[in-house]
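Engineer: Using the hints provided, position chain V relative to the given structure of chain W.
2 protein chains.
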Amino acid sequence: MTQILDDAHLATPAGSGHRLGSHRVLEPKGALPQAAWKLDNAPRAYDNEMLCRVETLNIDSASFKQISDACGGDPAAIGAHILATVNERGKQHNPVTGSGGMFIGQVLEIGAAHEPRDGVTTGDRIASLVSLTLTPLRLDAIESVDVTTGQVRVRGTAILFESGIYARLPDDLPVDVALAVLDVAGAPAQVRRLAKPGQTVCVIGADGKSGLLSCAQAREQVGPTGCVVGIVPHAGTPASKLLLEQDYVDTLIVADARDALAVLAATPAAMPELADLVVNCVNVAGTELASILCCKDGGVVYFFSMSTSFTAAALGAEGVGKDIMMMVGNGYAKGHAAVALQTLRDHPALKDYFAARYAAR
Amino acid sequence: MTQILDDAHLATPAGSGHRLGSHRVLEPKGALPQAAWKLDNAPRAYDNEMLCRVETLNIDSASFKQISDACGGDPAAIGAHILATVNERGKQHNPVTGSGGMFIGQVLEIGAAHEPRDGVTTGDRIASLVSLTLTPLRLDAIESVDVTTGQVRVRGTAILFESGIYARLPDDLPVDVALAVLDVAGAPAQVRRLAKPGQTVCVIGADGKSGLLSCAQAREQVGPTGCVVGIVPHAGTPASKLLLEQDYVDTLIVADARDALAVLAATPAAMPELADLVVNCVNVAGTELASILCCKDGGVVYFFSMSTSFTAAALGAEGVGKDIMMMVGNGYAKGHAAVALQTLRDHPALKDYFAARYAAR
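Quick mapping for you: the protein sequence lines, in order, are chains W and V.
Each residue of the first sequence is one higher than the one before, starting from 0 at the first, in numbering that gives the first Met the number 0.
Each residue of the second sequence is one higher than the one before, starting from 0 at the first, in numbering that gives the first Met the number 0.
To be clear, the hints were calculated from the coordinates, so they are not data collected in a lab.
All of these numbers come straight from a predicted model, not from anything done at the bench.
Among the clues, some could well be false.
No copy labels: a pair is met if it fits in one copy or bridges any two.
Stated by the list, open to error - Okay, derived cross-link-like pairs now, EDC-like style, lysine to aspartate or glutamate, Cα gap no bigger than 20 Å in a straight line:
(1) K333 x D322
(2) K195 x E219
(3) K64 x D246
(4) K195 x D296
(5) K195 x D246
(6) K333 x D145
(7) K240 x D351
(8) K333 x E272
Chain W with its partners taken away, still in its complex shape (with noise of 0.2 Å):
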């Protein structure tokens, strides 16, 4: 910490600064964080913000990819592309790919106008829970690159503005597994506030971790009288026996969402007057169709997948006659992150599959 503390910006106190943090804006003035090129990351909090120092960055799968791509797969090279950007920008922001990721670190001061989240402290170790594209961030040193998992140790430092959101890093679940969680922590969040007593809930993506989640979470909601339905590409995986093992659906149906028919063709046996809420959790795009035709008139489909597209959804409601609402995956929900962590405590099975696939070996 004393390199920080004798950092020449604390010369004078900062006062706040703008709760969505474009105070720290240098290039274009009058952007917000993410949207500009070069950001202060002058390690100093302003009244309203929070000083962390970095342990970990988790850069995001595509970015990661490209970096490793250019760098021809070479640690140290990475490495120096990362601290390249960084000092540059003043934030991980891949100029090629415009995505980020997260980062682990210890929080080492609190500004007095700052309302921390999560009841966390001076101390605590947190996970960032929004995109290090608009974290203002500076990198004393990379100490290693984990090319298998896109984790990077470093030594620097990371400011959280007002708006910015984290949560305290559990004592009781291994990091990776915390973070595997948290990742995807609005899906189980939202499908909690969503999910009625008695309900029918389809999940599409049900094997993945943000589908796995939700419906544990969802068996929770319907309780007995309700229906959970699963819909995987592939029978006989580890995450579909679990997901029939423990009980978190009903039924499994094996299709390709994709194929909005087929789809179609196999929910009058798995639920015959379709589903009151949609929960979409794929990777691929175009299943927009399939998670419509899912849907009873008056219901509603929650696009958690980054892959939906705006205009597939609305057009293909439109095309189809369907009055439901549909909902954009918001990442934040007030709270997300300790529901996610609860699903997976409540759930010893889950718990110990994620533990399985992705607690660091």
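Structural biologist: Relative to the frame of chain W, chain V by itself:
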């Protein structure tokens, strides 16, 4: 009608087709009509279809501009181009833009198993409210092309599936005014559902067709204790004057909705507690963040604009830590055509504005 009734296809009864029209798909087999390359446009209604005589095609503006550019703006060449597309594909589905439009016509035949919407009977004039990209269409002739409006007078037939939506053309409004309203019917219909007495509603892009109808409808719903705020790019336009003169809005913010910080700076005066409901009606990209920032925590953003980016909305809300519900603008809602037309009738000043602007000259 004679040439139709003589058609060889009429020799045998057709039975019922798929409610989504997949029985009409010729290439590739198994696709749904919108995704298909070629449809069966035989002018004969299956039991659950409706056959219409087509009078006018309203080619969507992106498609018409592309065709017109390719044809040097020559009406005859444009007509030949459209005829060639329809002959090749069995639908007016522009292969370059991927878009279609809608048709105006007269109901010729309603299949025995087709339950007509909107009380429509044989002989009624209707507007199709599903895209031409999924509508089986056969053209006998192009009669004229209006290069200023993108309207094409034709002789031909079209099929509406069981799932297809359409509205009877009203007797009391010019066809072009009715079309202008029906084109955006989803917006006022959803505002009617979502806005509640006493709420603050913010309409971004308040000066366009959907924006004006949304403001008028919001005014009705929020009542005297509520507040309607419009955001427009320019003051002093006829639409902006109309909004203020008719009290459709309490306050007009003049700002570029792509400049999120400028919009945010105007909110304390116009809506100190932000909006319960934000309706995005703009026709430019990059306004997701402004929409999110205008919405209070726990509120709703309704993205009616087809320029909306799904990821910009999802990541934008997460980036600023806003717990809001974001809705994809569904072009269809039960009774939407009736609500939209009635909104116009209930507001004579709005009706005059639409008549002056959209009625055929």
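Engineer: Taking the hints in turn, state whether each one holds.
Structural biologist: Right, here's what the structure says about each hint:
With identical chains, the CA atoms of K333 and D322 are at most 20 Å apart between copies only, with a shortest distance of 6 Å across copies and 28 Å within one. In this homomeric assembly, K195 and E219 come within 20 Å of each other (Cα to Cα) only inside a single copy, at 9 Å, whereas the closest approach across copies is 32 Å. In this homomeric assembly, K64 and D246 never come within 20 Å of each other (Cα to Cα): the closest approach is 36 Å inside a single copy and 54 Å across copies. With identical chains, the CA atoms of K195 and D296 are at most 20 Å apart within one copy only, with a shortest distance of 17 Å there and 22 Å across copies.
Within a single copy, K195 and D246 get their C-alpha atoms as close as 18 Å, which meets the 20 Å cut-off; across copies the closest is 40 Å, which misses it. For a Cα distance limit of 20 Å, the shortest separation of K333 from D145 qualifies neither inside one copy, at 32 Å, nor across copies, at 53 Å. Taking the shortest Cα distances, K240 and D351 sit within 20 Å of each other inside one copy (14 Å), while across copies they are farther apart (63 Å). In this assembly of identical chains, the alpha carbons of K333 and E272 lie at most 20 Å apart only when taken from different copies (19 Å versus 32 Å within one copy).
Hints 3 and 6, counting from the list given before, are not met by this structure.
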